[in-house]
Amino acid sequence: MKKLSILKYLFVLTLFAGCTDDFADLNTNPYQISDESLRQDNNHVGAFFPTMLNNIFGDQIEHNLANESFVRHLGTPTPFVGGVNNTTYYIRWNSYWGRVYGSIFAPARQVLQIAEAENNEVFVAWAKLLRVLAASRLSAYHGPIIYSNYGSTDKVILYDSEPELYNTWFAELDEIVAAFSRNTEFGGMAKFDDSFQGDIGAWIKLANSMRLQLAMRISKVNPSLAKTQGEKAIADPGGLISTTEDNFYIRNYDGFFRPARICFGWGDTRMSATMESVLGGYKDPRVSKYFDPATDNTLYPDHPDFPYKGIRNGAELVAKDDRLAYSTIASAFQTWPARRCFTSSETHFLLAEAALRDWAGAGTAMDHYETGVRESFAEWGAGGVDAYLQDDTSLPLDYDDPKASGDVNDFVSRIKVPVKWDEGEDKEVKLEKIMTQKWLAAVHNTIEIWVDHRRTGYPKLPYNYKNDSNADWGVIPDDDFLRRMPFVNGERNNNPEGVADATQKLGGPDEIGTRLWWDTGGPNF
Amino acid sequence: MRLLFTILSILCFSVGIMAQRTVSGTVTSTEGEPLIGVNVLVKGTTTGTVTDFDGKYSVSVPNQATLEFSYTGYTPQEVNVTDQSVIDITLEEGIALGEVVVTALGIEREKSSLTFAQQTVEGTELLEARDINFLNSLSGKAAGVEIKKSSSGPGGSTRVVLRGDKSLNGNSDPLFVIDGIPMANNRSGQPGMWGGFDGGDGMSQINPDDIESITVLRGSNAAALYGSQGANGVVLITTKEGKEGPAKVSVSSGITVENIMLKPDLQFRYGSEGGTKESWSTTRGNYDGSYVDDFFQTGTNQINSISISGGTARTKAYFSFGNVNARGITPQNTYNRYNVTFKQSTKMLNDKLTVGSNIILTNEVSRNRPAAGYYLNPLTGLYFFPRDRDFASFRDNYSVIDPDRNVIGQNWFVIDHHQSNPYWLLNEQPRTDQTNRMIGSVTLDYQITEKLSVSARGNYDFASKLQEQQFTSGGNTTNIHPNGSWDYWKFTDELLYTDALLKFNDNFGDFSLGLIGGASYQKTVFGLGTRVDGDANNGLLYANEFFFQNLPPNVQVQSTLNSRLVKQALFANATIGFKEMLFLDLSGRNDWASTLAGTGNESYFYPSFGATAVLSKMFELPEAVSFAKIRYSNSKVGNEVPYNVVNPQNTIAASGGVNRNTQQPFENLKPEIITSSEFGTNWRFFDDRFGFDLTYYNTVSTDQFINLPAPSGSGYTRYYVNAGKIINKGIELVVDVTPIYTPKLTWTTSFNFWTNDNEVVEMHPDLASITTGQSEGYGSRFEAGGSIGDIYVYKFQRDAQNRIILDENDGRPLKTAMQELAGNLNPDWSLGWNNNFKFGKFGLNFIVNGKFGGVAFSQTESMLDGAGVSERTAADRDAGGTTIDAVQGDQPVSTIDPELYYRAIGDRNGIGEPYVYDRTNVRLTQFSLSYRTSLFNNTTPVTLSLVGQNLFFLYLEAPFDPELAMSTNRNAASLDNFNTPATRTIGFNINVNF
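Top to bottom, those sequences are chains A and Y. Quick note: the first sequence uses the UniProt record's numbering, first residue 1, plus one each step. Quick note: the second sequence uses the UniProt record's numbering, first residue 1, plus one each step.
Each hint can be trusted.
Derived list of chain A stretches under chain Y, where covered just means 3 residues or more per stretch with a C-beta under 8 Å from a C-beta of chain Y:
| id | segment |
| --- | --- |
| 1 | 95-102 |
| 2 | 313-321 |
With the Cβ distance kept under 7 Å, some of the chain A side facing chain Y (calculated, not the full set):
| id | residue |
| --- | --- |
| 3 | A24 |
| 4 | N27 |
| 5 | S34 |
| 6 | P50 |
| 7 | T51 |
| 8 | N54 |
| 9 | A106 |
| 10 | P107 |
| 11 | R109 |
| 12 | I157 |
| 13 | Y253 |
| 14 | G265 |
| 15 | W266 |
| 16 | G267 |
Simulated DEER-style distance windows between Cβ atoms:
| id | chain 1 | residue 1 | chain 2 | residue 2 | range |
| --- | --- | --- | --- | --- | --- |
| 17 | A | K460 | Y | G275 | 32 to 40 Å |
| 18 | A | D154 | Y | E871 | 53 to 61 Å |
| 19 | A | E423 | Y | Q663 | 55 to 63 Å |
| 20 | A | P523 | Y | D404 | 51 to 59 Å |
| 21 | Y | T282 | A | D386 | 52 to 60 Å |
| 22 | A | E428 | Y | G275 | 44 to 52 Å |
| 23 | Y | Y338 | A | A117 | 56 to 64 Å |
| 24 | A | N470 | Y | Y955 | 39 to 47 Å |
| 25 | Y | L821 | A | N470 | 19 to 27 Å |
| 26 | A | P337 | Y | Q549 | 22 to 30 Å |
| 27 | A | A117 | Y | K490 | 37 to 45 Å |
| 28 | A | V475 | Y | G275 | 33 to 41 Å |
| 29 | A | V475 | Y | T282 | 31 to 39 Å |
| 30 | Y | I260 | A | D154 | 53 to 61 Å |
Simulated from the structure, these hints should not be mistaken for laboratory data. The C-beta atom is built at its ideal place from N, Cα and C for all residues, glycine as well.
With the hints as extra help, turn the sequences into a complete structure.
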């Protein structure tokens, strides 16, 4: 009798212990959102675009302490890591790679899988466009990158060589423009598109402009392909980003303008010495749009009427607070709503160079040079462009660092061309003017001018004052610039065979002095 | 509250009038010899005496008391005092074979039958030092228990590891159990190198005065019945309960003061040059450095508790109220705790059914718990402050008004992410950590027959917690929004546990059999709540108003759920004994865990077995041996895997977009498996005056749950594998000796010695190492052949003659390209030495704890050197240079400019080698001197004691206390980055029993 009741009791216990039906629900976080739920309102493909867009631009270590310093746009007052870091050509941070793969490629892959399965060709095209945009910016750092083998389950994942990358991107841009053109009335993107509110025509212009940009990158290393693709971009009925209304901006999804945080929140960036030299020398009215005056009026005795002071890139720095009173970026950037990613001035400078290279349909170099400058002034709301374009005497200033003794950090400007266009000059001088103005217009969007500087040698930027490059990451001669970023440590550790193969494709050691494919080192024409 | 008062008054009412009278008698052995020095104690009190040279005693007792007679080497006895005035006692020789101990699930077992190591610490021992968190008092009192106290002061968390770290990715925290039932011990946030706060854990909420004893089950062998939760060992807390007899009231009250024991050695004779934030002038000055000492205050802890207990043959009750009011050594830091405990049990149905219940209520509030790390830590600005500047002006005017905005902001001499005005931080970013907790349990125990019983228990542990910090606008721009920022997290931690047990005991001739079968259900939900995270960009809409309506759209109000787990189990245990000399123990448990849902591995079984032989019963041993046994056990236990890793979903970003999940789903996840075996032996000699217990264990953890970064090209960002193998092996030795045992003076001393050797034997085949903590200054990673706790730092580049290589151009010391192994943070071996003296009415207790071997790392020292504010940088400037054995080019160098040298090795990411210290330290952990007396004609025993904690170091290598942890997480033990300095506590305590 008793035994029976015990058995019964155990039986009941077993039943209750065996009930595991709700385990999957219990192990699911209710405050995450499932793919199934996201099917509502097309969120399962669309909702990932803001996050991807938000990661096209990196932050302090990806840009401000990398390409933004290499192209001498902004300078840091902070002697990070004992003053030996990326800005002095000793690599400490190399993380744009991780952002692009983790926050753009990984979600894009899943979006593509879903959108392709549902034959949703607009979202496929959009995701691919963002992938080309991100990859082309990333390749400007490293050269070969993982592209066509992305998502492979192989242990060794091979990189694409640069010629392969550019061919693939041009082909993908063909597909993208075709798909967009078939669906210009599609309204499904609007909800997820803070840049163009779903205007597919605007995205076509961006795709065409990107084609022109990528074509120009390879204009020296593969002139015929460059010309074909460049002319195709110019001729496409969808058009280019040619007026400020077409400009491609990426909203500050984080709620803040990242360079402003670096500058005002962390006190880690200021105007560059080169910006002081060029803006001051050219009496450029855009200066007050870009920067605030220095807060200490003893800093610029050499040009008291131009109250700005910049920091030399690759400077000898002792203490951060030495240069905090130098010019910050303009205070207005603290509430700036979006980041410029492709604007009309860039298109016109590209077309100006295209004209120099005799690409069909490009128009005249002078027209596009002057329009490029006008578009930039218009974009920033700066006045005085007519006088500016007529100035044929003003030249960039020499630089003195008031916080360093003697000639430490000082430089003599190497830019000897004035602003005014002179049709009688040779192509080389014209190219230098185009590149100098393209550089001036590119504030807070500096990857392409980093490409241009390596590709053409213009503008004639000052070299690093302090050069800490050594055998660890490769040596940069004192009269040269960093040429690329090395492959990342994570890949060196986890995918060594892939990196070895990529180094072969790079055509030189995996070092910062190795030139990328389009950086031929040869003459510009 | 009204209910509590009612209960209180009923209890008080039953106190009645306690008549006192004297009982005397003689204690003899079975041979009729008088026993000298037998302890005679009135049960439940501290009133007592010892027998004299004739075995005679005389003691004052209240009515209806129980006398306890105990003598080493003899079986103790209890006698109820009715109306006798003479009680003569005969004590039987021999170890108390019948001594019963509490083991897993609250099951009581005969100590001699245990097949595994366990050690019990009495509540009175824990109370001696009067630490607010009882766990800190465990240090050195039990072998194999590594205790690390957080540097964040009262209410901070404590890291407890039994027998080494067993998991690469999961945690190695033991399970905490109150009266047989698991309790929630959910450690929340911990500071890192960059800053942060210790969010505390569940253990600081327990009133130490409620603890009867703590038993530590170190191995998974002992804990197999708890299943995966017991894989890292179990700490069993037995709380006090009412005893039969008239109501007793015990009041204890203490106050301790806390002062700095050790802080960095700073210089105050060289200032800054050219207004830098570093103090690298070479011109000697003489600056006032008293502001550093003045910043700190004397901490105080007031601890009061009252308990009332009593009962009849059928019903027993215990009620207590405890209260702690403390202030820390940094201004504005306070800690207040209120505890109410009510425990009762009643027998019904002809005493066959026992119904028990226990309610523990806690209210705990910490304000401005000290930070650690760089950010928003007052100590950085305090220590870095350039010596030639005037600190007083910044102290007295820590805020300034921005006239344009009419808001205040901090007044500090530099904009630097590493430092802020210390007084601004203290006053303008108030932080609150608050917990309201209720633990309620009900137990039903039904004795079906003499041999068969069934019991059912239910427990609900619920804590509502608030962690909030309000950052005033105008604080450090790195972290604080111009309108101010708000960190807010209100959440609940919840644990529901029920089980049912069927117990059967019988004897069959020479054989005894004990069977236990049961089932349990447990649900834990941690971190369920609402959260807002503020920083420099996620601030407030309007300045300095801290509530939800004032959040701009870019600040997310998050729903949080940190983990949710349901575990169901069936388990059984059988103990077979033969003639009380041989015991065989078999147990098995099957778990069903929700965290493994969808993997096909939700259900997993693990067995354990053990055997014990009581040699002293089996063989004729020399007379000196009073007891001997050997034991062996072997068990396999699964370790839990975390919540929501099998198939995580997408998250909604602050931008309004969706962050796609990029972690590869882990659909073949398995539980981690810990297989352990232990062998032990326990011997007692010379009538129990000397004994030792020796254990050797070997624990193998396999199928480690490892989170790895996915290769860039794989399409995912993270993935998980089950891989790796870790072995922990070690020895634990407990020795106790009673060198002196006379009626006048007794001295008992015990040694707890333990050593643990941890080896990561194998990693994932595709993976050479896992980086687990890469921060500035140091790195920690696991690699095959290494150990958990290995730290890596940059070292000096040296030539073949071991000379430091200097840069050919600027002469600074060069550092190695990669961080190199600098040692392991865990000690090689540990020793706790516990001493008790009794001399008449005086008692003296002291504990010496030693850690030997291992390393500790100080980022503080590195930062102070880099900034030129450490004493050593000044001493080198006094001497005109730093002595160095170095080479530059081919020139030997014997002195180097101190600024060049310390800037190269110090600061954030310099050369860590000089900042790695030997962890070895020996200290006087605890000291208490007590005097027992009584008031009102011996009716009211009173104990007065002078207590001290962490009094001084007998030996120390590091310039900081390596036993104080920046964080109680696994990888940050023995790291110092602007930790609150170590303190010494001295105080006075009084205990009165009515």
